[in-house]
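Peer 1: For reference, the chains in residue letters:
There are 2 protein chains.
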Amino acid sequence: MSTKDKIITTSIMLFNQHGERAVTTNHIASHMGISPGNLYYHFKNKEDIIRHIFALYSKHLHTQFVPMEKQDEALTHLTGYLDALFELMWRFHFFYDNLGDILSRDDVLKKDYIEFQEALLSQVREIVIGLREGGMIAIDDEDTVELAHVLKITVSFWTPYIKARRLSGELMQQDIYNGILKVLALFKAFGTEQSIPRINLLREKYSKLAAQAEPV
Amino acid sequence: MSTKDKIITTSIMLFNQHGERAVTTNHIASHMGISPGNLYYHFKNKEDIIRHIFALYSKHLHTQFVPMEKQDEALTHLTGYLDALFELMWRFHFFYDNLGDILSRDDVLKKDYIEFQEALLSQVREIVIGLREGGMIAIDDEDTVELAHVLKITVSFWTPYIKARRLSGELMQQDIYNGILKVLALFKAFGTEQSIPRINLLREKYSKLAAQAEPV
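Quick mapping for you: the protein sequence lines, in order, are chains A and B.
The first sequence runs -3 to 212 under my numbering.
The second sequence runs -3 to 212 under my numbering.
Everything labelled a hint here was simulated from the structure, so no lab data went into it.
There may be inaccurate statements among the hints.
[Stated by the list, open to error] Covered stretches of chain B (in silico footprint by chain A; criterion: 3 or more residues with CB under 8 angstroms from a CB of chain A, positions within the stretch not fixed): (1) 101 to 113; (2) 153 to 164; (3) 184 to 192.
[Stated by the list, open to error] No more than 25 angstroms apart at the CA atoms, straight line, and that leaves these computed lysine to aspartate or glutamate pairs for DMTMM-like: (4) A:K159 with B:D103; (5) B:K201 with B:E83; (6) B:K2 with B:E166; (7) A:K42 with B:D97; (8) B:K204 with A:E114; (9) B:K148 with A:E138.
Computed from a prediction, not measured in an experiment: that's the story for all the values here.
For each residue, glycine too, the CB sits at the ideal point set by N, CA and C.
Turn these sequences into a full structure, and let the hints guide you.
Peer 2: This is the structure in structure tokens:
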């Protein structure tokens, strides 16, 4: 791994652990055993590191949204998405802990974030429409965008929601399964006769996984 | 209004406007034209002010959750709740902008917050069950708690969600109507033959109000 990549990986770890606000470039360099000068050779400042992390996060998120090929496999695809999505939110959870703060400090990042969110909303909506075309959900046209927004909010703010409900403020990787259960409950609300038994099976699977996490 | 109350009101306004992080007790005192000593006579520090604001917010939120009396009026009650809830989230929006940060600095506040969230979850679930008993929604028992969580996340993080999607980062009071539309779409997903036409009427009402806000 290059020094540049190591700086990114170390920053993500420290931001998640201590909160982005508490971690300086000096902490990052010292944790890696490199000089601040070496860090500044690769990144201008902390904002520069965060921009690179956001680009990484966007790229990962983007590659998850491959279009569905077979409609009848829509639900299988869905759980693939959900696993990857929540895992991603967990891996970069510092970002949504301090979203407003981070965005208000960097206009370039904010612009990128807004564009990315727009594209994401369309992609989530396409998944919703894909599920409808596959007969997995029944939903009016005007509700597809509303559902897409609620799904985005639930996925994005799942980690800060859990952290705020826990005295330790700590997040476990297993917490993502409780988040997936919320999304499944949403899809079940729009579910069809054909899909509800399958959604219930998925719920059983994730309930077992979620049982390994602290209750929420 | 007493000086103590004025300090609270001014703090809420400044926190919402500039973000809690950027506002010090000196800013608050200077904005009111009082000495820092006078402010410290009423509050020990900024955390003390925030605790008082949280108590105010909790009290307001609590008084909104009066039990429903007549089941057939469940939907009318619901929009009363939603109006009041989102208005409250708007009035105290700085809190959810920096939730993790604010809670991590004050263990007493965090404990209060967690207890309050537990009580709130039960109350939201009771409303969901009330709507079911009134024939307004059809929902399985196990889904009531999932829906309550999703409703809480949507309402709580609505204001930071909107702010993050806007280059100015500014929030308008009309933005709450777009949030109410998301909640109505959720209830519609669980709606019954009897309630869906009424939910659609409510949606029309709030769509008109939301049209006054910037699109999201």
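Peer 1: The structure should be examined with respect to each hint, and the outcome stated for every one.
Peer 2: Structure-based check of each hint:
no.	hint	result
1	101 to 113	holds (count 6)
2	153 to 164	holds (count 9)
3	184 to 192	holds (count 3)
4	A:K159 with B:D103	13 angstroms, holds
5	B:K201 with B:E83	16 angstroms, holds
6	B:K2 with B:E166	24 angstroms, holds
7	A:K42 with B:D97	18 angstroms, holds
8	B:K204 with A:E114	23 angstroms, holds
9	B:K148 with A:E138	23 angstroms, holds
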